[in-house]
Structure formats: C-alpha cells, structure tokens
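Number of protein chains: 2
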Amino acid sequence: MAEKITLSVDALGGDDAPGVVLEGTAAALAEDPDLSIVLCGPREVVEPFAAAHERCVARPTTEEISMGEHPANAVRTKKDSSLVVGCRLVKEGEAQGFFSAGSTGACLAAATLVMGRVKGVARPALCTVLPAPAGPVVLCDVGANADCKPEYLLQFAQMASIYAREVVGVDAPKAGLLNIGSEEAKGSQFAQECHQLLSKELPNFAGNCEGDDVLTARFDVVVADGFTGNVCLKTIEGAVSVLFKALKGALTSSPVAKLGALAVKGSLSGLKSTLSAETYGGAPLLGVKGACIVGHGSSSPTAVKNGIHTAAKVVRGKVPELIAQAVAR
Amino acid sequence: MAEKITLSVDALGGDDAPGVVLEGTAAALAEDPDLSIVLCGPREVVEPFAAAHERCVARPTTEEISMGEHPANAVRTKKDSSLVVGCRLVKEGEAQGFFSAGSTGACLAAATLVMGRVKGVARPALCTVLPAPAGPVVLCDVGANADCKPEYLLQFAQMASIYAREVVGVDAPKAGLLNIGSEEAKGSQFAQECHQLLSKELPNFAGNCEGDDVLTARFDVVVADGFTGNVCLKTIEGAVSVLFKALKGALTSSPVAKLGALAVKGSLSGLKSTLSAETYGGAPLLGVKGACIVGHGSSSPTAVKNGIHTAAKVVRGKVPELIAQAVAR
Numbered sequence: 001m002a003e004k005i006t007l008s009v010d011a012l013g014g015d016d017a018p019g020v021v022l023e024g025t026a027a028a029l030a031e032d033p034d035l036s037i038v039l040c041g042p043r044e045v046v047e048p049f050a051a052a053h054e055r056c057v058a059r060p061t062t063e064e065i066s067m068g069e070h071p072a073n074a075v076r077t078k079k080d081s082s083l084v085v086g087c088r089l090v091k092e093g094e095a096q097g098f099f100s101a102g103s104t105g106a107c108l109a110a111a112t113l114v115m116g117r118v119k120g121v122a123r124p125a126l127c128t129v130l131p132a133p134a135g136p137v138v139l140c141d142v143g144a145n146a147d148c149k150p151e152y153l154l155q156f157a158q159m160a161s162i163y164a165r166e167v168v169g170v171d172a173p174k175a176g177l178l179n180i181g182s183e184e185a186k187g188s189q190f191a192q193e194c195h196q197l198l199s200k201e202l203p204n205f206a207g208n209c210e211g212d213d214v215l216t217a218r219f220d221v222v223v224a225d226g227f228t229g230n231v232c233l234k235t236i237e238g239a240v241s242v243l244f245k246a247l248k249g250a251l252t253s254s255p256v257a258k259l260g261a262l263a264v265k266g267s268l269s270g271l272k273s274t275l276s277a278e279t280y281g282g283a284p285l286l287g288v289k290g291a292c293i294v295g296h297g298s299s300s301p302t303a304v305k306n307g308i309h310t311a312a313k314v315v316r317g318k319v320p321e322l323i324a325q326a327v328a329r
Numbered sequence: 001m002a003e004k005i006t007l008s009v010d011a012l013g014g015d016d017a018p019g020v021v022l023e024g025t026a027a028a029l030a031e032d033p034d035l036s037i038v039l040c041g042p043r044e045v046v047e048p049f050a051a052a053h054e055r056c057v058a059r060p061t062t063e064e065i066s067m068g069e070h071p072a073n074a075v076r077t078k079k080d081s082s083l084v085v086g087c088r089l090v091k092e093g094e095a096q097g098f099f100s101a102g103s104t105g106a107c108l109a110a111a112t113l114v115m116g117r118v119k120g121v122a123r124p125a126l127c128t129v130l131p132a133p134a135g136p137v138v139l140c141d142v143g144a145n146a147d148c149k150p151e152y153l154l155q156f157a158q159m160a161s162i163y164a165r166e167v168v169g170v171d172a173p174k175a176g177l178l179n180i181g182s183e184e185a186k187g188s189q190f191a192q193e194c195h196q197l198l199s200k201e202l203p204n205f206a207g208n209c210e211g212d213d214v215l216t217a218r219f220d221v222v223v224a225d226g227f228t229g230n231v232c233l234k235t236i237e238g239a240v241s242v243l244f245k246a247l248k249g250a251l252t253s254s255p256v257a258k259l260g261a262l263a264v265k266g267s268l269s270g271l272k273s274t275l276s277a278e279t280y281g282g283a284p285l286l287g288v289k290g291a292c293i294v295g296h297g298s299s300s301p302t303a304v305k306n307g308i309h310t311a312a313k314v315v316r317g318k319v320p321e322l323i324a325q326a327v328a329r
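Line by line, the protein sequences are chains G and Z. Numbering-wise (my numbering), the first sequence opens with residue 1 and increments by one. Numbering-wise (my numbering), the second sequence opens with residue 1 and increments by one.
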C-alpha cells in the first residue's frame, strides 16, 4: 500500500481543458487507490466531477489565467484563479503536490511565489525527462532561469539527481554539464566556471556532455542554464517531429513503400511511444516547497494521468525534503 | 564557363586522410574544369597525386597538426604544417580559398591568424548548412565563438545571409535569432539585447527562432552565439543518429517488420541522404580574407568533394568581398 496523499489539480490548464484534465484525473484516481485530489476550477466543472468520483473534492474558483498573460502579474492579481488556488492548497497543507497543464510561465510564477522556495535553494528549476531509447535522461533547467550563475547549476544538478533517483528510478545517477567539448577547458567562460564548481562540489559529476550525447543516456542527468537547456529540449522535439514527418512522407512515396509501411507500422508506433513525452506526463519544478508538475499545454488524458502519478511520486519520494537536506550541506 | 579559380587543400585533414582527401580532390577536379588545386601535405603523398592529375600542383610540407593539439599554439609553432601552408597560400594570393577536414579548432586558428579577418569583422564565425527536409537552413555561429557580444551576432547574421544567398541559393533569406520564446522580451538578457539590435540593424531579421523551429526552415538563417549554436547543431546530429538507430531496431524487431523494411529501404535511404551533412561537405568560416571550408573529421570522399565545390562557390560568389561591403556600411 502506498502512502496516502492529496494533490491539487488545475482543471483549467491545457489546450483542451477541462475535458482532458478531467479524463486524466479520473484515470489517475482509478489507478492509485491511495490518492485523493482537490480539483480547482469553475464550480460547474469541478462540483459534478467531484460528486461522481471517490476521493475527489471540488474547490470552486472564479478566475482564469490564460496563456498570453504576463505570468507574475497574473499570479499576483488573480488570487482566485485555479492555478493560484491549487498552489495555495499546497502552501496551506491541504495538498502535498500540484499538477497543471497551464501556461508554464504562470505555473512557475505561482509555484515559486505561492508555495515558496525550499530554504537554501537559490532558483527553482524546471526539469524534463527525455525518453531516450537507451534510458531516461533528466535535463535541467529547461527554461525557468534564462540567466544563471554557476552556483545555480550546482543546485540544479543536486536537485535533478535526487529526482532521477527517487522518481525516475536511476540508482546512482551520473550528472553531466551541457557543454561544447568534452575537455575541461572547453566552452564559454560560464561553462568553464560551472565545470570547475561541479568538479569540486558534486560527487556524481561525470564531466561535460555535448549536444550529441544528450540522447545517448551516457549521463542520467544533464544540467544547463535554462536558456541552453530549453534550446536543447526544443531542438530535440523539433528534430523528432521533422524526422517522423519526413519518415511518413518516405513511407508513402511509392506503392511498394506503402505496402512495406503497413508491415512496419506496429514497430514504428512502438518507437514513437518510446520517444513520447507522454510517459512522464510533465515537467517537475524542483526547489519549491511541495511537488509541482507542469504538463504540456497539448497534454492528452494519458499525459495528465501520468503527470499526476509523477506528482504523487515526488511527494512519496520526499523529493522536496531531500532537496532541502542536500542544499543545506 | 565558370570563373577559373585555385584552391589550396590540406591533404592531411580528417580521420581517413590522406586517402579520402585525395579521392575527393580528384572527383572535384573532374567535375569542375575551371578549378585548380594546390595540394599541401607530405611530399610522398602530394607529388605522385599532382603528377597524375591535371590542374593540380603539389606543395610539399613537413609538419602535421594532430587533433589533440592546442589550436593556436600548434598554428604558431608548426609553420610548415599542411594546414598553415594551405592558409598562407590564400594570404599570399596563390589560392583564393582553402579546404581542410582537420581539427576544427586548428583550422579556425590558422584561417584567422594566417589569412586574417576581413576589415570590420569583429569575429569570424563558423556556419553550417542544416539539410532540413523543407529546405536548407544556415546556422551560425556553431562553435567559433563561445562568448559573444550582441554586435557579433549582428555580423553573424549579415555574413550568414550573404552565404545563404550566394552559396546556398536562397533568394531573400530570412534571419532568425535562436531564442527560448517567440516574443521580443523572451530569453536571457543577452538574447534580449541581441533581439533589439537585430530588429534595429538587420533588414532581413524575422524574429526569434525557438529550438523546435530550426529544422522547419521557417527561417533560412538562424544566428546564435557559438555556444548555443554548437549545442543546437550537435543536439540535432545526436537526435538524428539516435532516431535512425532506433528506427533500424524497430524495423528488424519482427519477421513482418523485416519484410516491410525491405520494401521501405529505398525511401528511407533517400530520407537519410536528404538529412546528410555530406551534401554541403563542410562548414564555412565566414569573415576571413578568403574562402575557408572546414570539413567534418569523418568526411567521406563525397563530403570532401562537396566541401571543395562549396569553397569554389564561396570564391566565385565573392562572399568575402560582399561581407567586407556589408560590415563597412
């Protein structure tokens, strides 16, 4: 039996909210009998859902933060939005973690401003788990902090290593620094300073990771400033998308190819699902007081379900507590 | 009839030199009757080749710069290396351009120190042409300058746009800034400053390009500091490699898939060659006085041949002269 926990969920986050969120929430509740959910959103959405589902409580809210709003301003002014209320429930102890597929910027702002940072953490960071064929790779930061100091990257590495161990299930994660050469003296001034600090302070530091090594899973954790990490993540997403599109074109380019494509269809969709971000269902924001998982705006019900499961793992794995211990050392 | 030109070629550059270089050089000479080559390398390699090929002159050299050496030191001390001599021939007007598949760092150092910068160019930059399915994309800088100022990026954009027009054949290239959001105010402090400068000074500036937009060819030219550009380029290379490997696995995972794979084999190898860097055969260093193309260390004879053809296009397209005019404005 798993530890009984409660998560708050933003019913309004995501392109196809609330439908997709409700479907994913129902599936998560069905799969995890020790999970309770406080669903935040418009009364007419959350109350009927809560009435129809065990272990679900409705928390009606009256405001909504849309994708285009300035994140910090929206969070400060819309105190009764589903996003802010969801985070406040964690702050006030009614829930231990939060899931939203809303605007990433607004989620980061709400979690940081409302839940607050773990003591000692300079900057909370956004991670993503890359579903590389050779094994999962935790990339951090993927966009929360465009401008960084080397000390931030040390904490990103510590936090992401804890996440890799407790949530992703990597026993002794090796951490690499995203850089443009394998030798110590390579890279920008900033990358060189980071290399020195990580070499000195991070026991599981395993050296520089070049761009073409991110998906080989030679490193279980790859750290970068949020600018470089985001470029890397989006470049991977773009390359996968362009390649699959081109592949589809190639497989329908002639009658013979079409026939062959039918035979390989199953294997290809298996590959596509291996590479799919859905498996992990969202990006954790590490370094805030509580679990916070930010889903992709285009999340499917499966992605929402898995994002909620991931939030549960962060809570049960005591990730925020372990991060507090690690940065206090 | 094309303009008659002379290029110097480093016979020693590349993992499989000199064999691969000689094969590529012979093919380039055969395909371009208006091309002459000065082949730099050990006497026993270059003299027999020159004797056996029209329009090829041997330039025996006695030193070699290996991959592991410190680039600038090696260039300063090994004055009779094939790399340094090849660049000196351009400096002294015996050749108009240079090709090497040797150490990228040493090539950059030799070209910059020996050929010299075009007047007004702050930092020569390394470009690469990404063979995206929707059309070629010129990415610049991909590693020559890890630390940059916004003014450098403006020049990278000017130089890469000239290259896109004169060599790649894009009529009115649109330039994007590699960034982590599409809006003006997105990104690091540095990226925001670059955005402002490009908006103001670059007539063909078309806004921010996110990582997932690099391969869509929505922008013909994408500029970045050399750190970010290199991470982006290598991430693409890594993603393509991992995906094709996984694809191979998927296509041999069952007897039915194997049968289907036979039928799609032709289409897939077509796709692979579309995505191959071989087509462009090397990365131009822009901003030096003369053409300089740096081939990949693992260049095939075809890549060497195409790299030499690219150097010829840079010379005939008067790229260095156009760059001088653009930066003088």
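Honestly, the hints are just simulated from the structure, not real lab data. Source: prediction; values computed, not measured. Mixed in with the good hints, there may be bad ones.
Note that identical chains are pooled: a pair holds if it fits in a single copy or bridges any two copies.
Said to hold, decoys possible - Restricting the straight-line Cα-Cα distance to at most 25 Å, the calculated cross-link-like pairs of lysine-lysine (DSS-like) are: (1) Lys174 - Lys245; (2) Lys248 - Lys174; (3) Lys149 - Lys258; (4) Lys272 - Lys186; (5) Lys313 - Lys149; (6) Lys318 - Lys186; (7) Lys272 - Lys248; (8) Lys272 - Lys79.
> Out of the numbered hints, which ones does the structure contradict?
Replying inline: 2, 3, 4, 5, 6 and 8
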